[in-house]
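Chains as they are written, first to last, in the numbering used here: chain A, 242 to 723; chain B, 655 to 1100.
The set of hints was computed from the structure by calculation and includes no laboratory data. Hints should not be assumed to be uniformly reliable.
What follows is a set of in silico ranges between Cβ atoms, one per label pair, in the way DEER data are often shown [unchecked claim]: (1) A:690 with B:952: 53 to 59 Å; (2) B:1096 with A:545: 30 to 36 Å; (3) B:840 with A:260: 30 to 36 Å.
All values reported here derive from a predicted model rather than from experimental measurement. Glycine included, every Cβ here is placed at the ideal spot set by N, Cα and C.
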Amino acid sequence: MELIFEKSREGRRGYHIPKTDILVKVNMKAPYIRKADCPWPEVSELDVVRHFTQLSRLNYSVDTNFYPLGSCTMKYNPKFTEVAAGMEGFANLHPLLPQLDSTLVQGALEVLYQMDRILSEITGMDDFTMQPLAGAHGELTGTMLMAAYHRKKGNKKKFIIIPDSAHGTNPASAAIAGYEIVTVATDKSGVVDLEEMKSKITDECAGVMLTCPNTLGIFNSDIDKVAECVHKVDGLVYYDGANLNALMGRARPGDLGFDIVHVNLHKTFATPHGGGGPGSGPVGVKKQLSKFLPISRVIKKQDGFYALNYDYPDSIGYIAAFYGNFSVILKAYAYILMLGAEGLKEAADQAVLNANYVMECLKDDYDLAFPRRCMHECVFSASRQEKKGVHAIDIAKFLIDEGMHPPTVYFPLIVKEAIMIEPTETESKKDIDDFIEVMKKAAKAAQENPESFKSLPKTTSITRPDEVKAAKDIKTNYFAKS
Amino acid sequence: MSWFIANTDKDVKEMLKIIGAKTIDDLFSDIKPRHEIKSFDLEEGRSEFEVIEHIRQIAKNNASDLVSFLGAGLYDHYVPAAVSSLMSRGEFYTAYTPYQPECSQGTLQSLFEFQSMICALTDMDIANASLYDGGTALYEAMMMAIRVTGRKKIVMDGGVSPIYRKIIKTYTSNLDIEFQETPVVHGQSDRKQIEKVIDKQTAAIILQNPNFFGAVDDHSDVVEKAHSQGVLVIESVYPISLGVLKTPGEMGADIVTGEGQSLGLSLNFGGPYLGFMATKKKYVRKMPGRIVGQTQDLNGKRCFVNTLQAREQHIRREKATSNICTNVALCAIQSAVYMSLLGRQGLKELAQLNLDKAEFARQELEKIKGVEVKRSSPTFNEFTVCLPKDAQEVIDAMVVKGFAAGFPLARYYPNMEKYLLIAITEKRTRQEICDYVKALEDVLWN
């Protein structure tokens, strides 16, 4: 498809600036002015609308395609939450208004306060900060909370333990908080090796970061024992909330021994993923860590008014400029209000049902990484297909060709040729059956005609891109002189 | 079955049978009785209508209808209707990170166009596909400069947003980085002090233009001095101002960041916003965040992919250039739509109109007895005034008259209790500006 720049014609316009109603005209002079005009495209409004509408149609999305991307919880994003977020009273609200007077933003502060309470109840924690702007940002906040806790107590801590099945953001976040990373392997049953972990926990262990259920979709029945070992050396246990969707109404990280959690509102609480954000990653803590939470914090005063409180001397400080991705938080709030306790539990139940159904139906066609009950997602390996020269990526391309978004492939890293499937609760048996059928077809084709995969997909706007060329002949800017 | 669940009771029965479980509870057998939930005390679910009405009531408790002269980094610009219309397409907002390029060309090409437009705006070689917001982008730029230079000292200009400085302070509290701050004189960066403190141990100097107080500067000479010591220059910018102002690329800056909210995003009480970052080609492999690159498919057709992923956390884990995963792709695409609508001419005219309206407001405000408008340096659409009264008192009285009067600088600078930072965008009409000036005069003298 043409680039918007290629549609540009000198003198064409897509928007008319309000006519000036004043006589003043400033003539800004050198050296303060730019030399040449900014070469943004010159296109009409229709050009823009048609261009981006056509571009949008080149995407697979939850609204248009089955999208079982493991670990990403691509559930349906209800439309009414967009209406809530678009309300004038929220969309046009300047984040510095409470610096003028907090009574001007009582509605917004109420939403933040209520979400703090609601997420605390859902996860079994005591207090939340809504500030982190994405899951990884929540992890960074969490590891900084760990650091603040240990510094306050005078603990000499050096490293954080992370299982080899963890999301890459876990070690990356812990490293930014100043910690070394110690990796623990996964045992034969698909959970973190408790004995190995025990052997690696020393007095210098700041804590452990765990996903639960883990990235293999397995709930670790010894999770409380892991927490116990870490607590013995005054370490903290961090819950990566990427997979909270499996537990809602069934178990709470707080009850399982976790001290810090982050929640991905764009996963569990149905806010749109936006093609790669904006997300939102609120962080919750147990009481002993509350005083370290980022500022500002929303409080409810005795007179019923909400206010921002900055007076927490032990706080780690500002983790973001304001109060988090507010409109994302508002959408999640609307979603939670609609579902209520029963609806959230049902979401978890159906998510787990759907994943187990997929696992059961495909276990004869693909090797299961760990053949046991799964939670909200299941992980297969394309190792059987690989013997025929068909890799996980080829199966992904087969699915794309059939009009389905592929599962996550090559993650978790510990499963060779991993295919990680998370159907979510909003998909029906009918749509899942269609997916299963295509997966079976792919498995069959892998046995019978492995060569056929190399040219897939054929039904999309492009075939497989040359990624090596992209990294070698770097072209990331239309205007760059090559 | 309820709330977006599609399986019928019959489906559930069939599925359980195939799985070999009697009930859904059986599927949760790994959760042992000792793990079971202690409490789940939430309200009962509600209908869509009830939720929307509830939220509408809450929204009424926000004073979003004040006529706003508040900026301080976030600006009340008009967003054309075509922007929200296009952004309501589910193909954009219900997709995820374009891991599979064949079915994500819409997102990828849009992001490529976004990157190109940011490069055009800033006069830089390469931009990434977005970071969370302006503050975190500035932090990422600083860390990038440390990686590029291998040095650990940062010089921070006094004109950099105090909010951004607080964020950077938080992020670096566990890292061994030395900070030195240089003041502003007559609104602009203090050259003498900068020259004094930058040295061969300095990784970068961080500047902002226009600075937090609204002053416009040309940092070309600062860049020259910095480069002579091997120091990188990071410039945080306000994108709309670059319709008229000298670009960071022209000044020679090495890394440019900014808050992209003014490029077609609503104020949204603080987010989501749009952090952007651009740099010189030679530093691309040290840049954090997703980058979309052009390539070709098997048939030689032009297409786009996430590129240089070897910098990223999902591959490099703790050695990655950043921990960022989800960024703000949708906001980046939204701003690409806005930038396309504005176009070459629109941006220039919009910037000029902001400039003119702010100057008109300055001239009108200067007519009020006792109001001192700072004029020691040029400004764009925001400026500092000194009032004959405590700024907070004035703000309170102005709220009653229906105005968000500006930002009280004493919030971050305790000795500036009489100072107000006032922003004017194209949305403020002559009438509103005159009403504001009259109201202010009333508040001050009647």
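- Item | residue 690 of chain A paired with residue 952 of chain B, Cβ distance criterion 53 to 59 Å | About 18 Å separates the Cβ atoms of residue 690 of chain A and residue 952 of chain B, which means 53 to 59 Å is violated.
- Could you see if the CB distance from residue 840 of chain B to residue 260 of chain A stays within 30 to 36 Å? With Cβ atoms ~35 Å apart, the hint holds.
- Message: Is 30 to 36 Å respected by the C-beta to C-beta distance linking residue 1096 of chain B and residue 545 of chain A?
- Response: holds, 32 Å
In summary, the structure is inconsistent with hint 1 from the numbered list given earlier, while agreeing with all the others.
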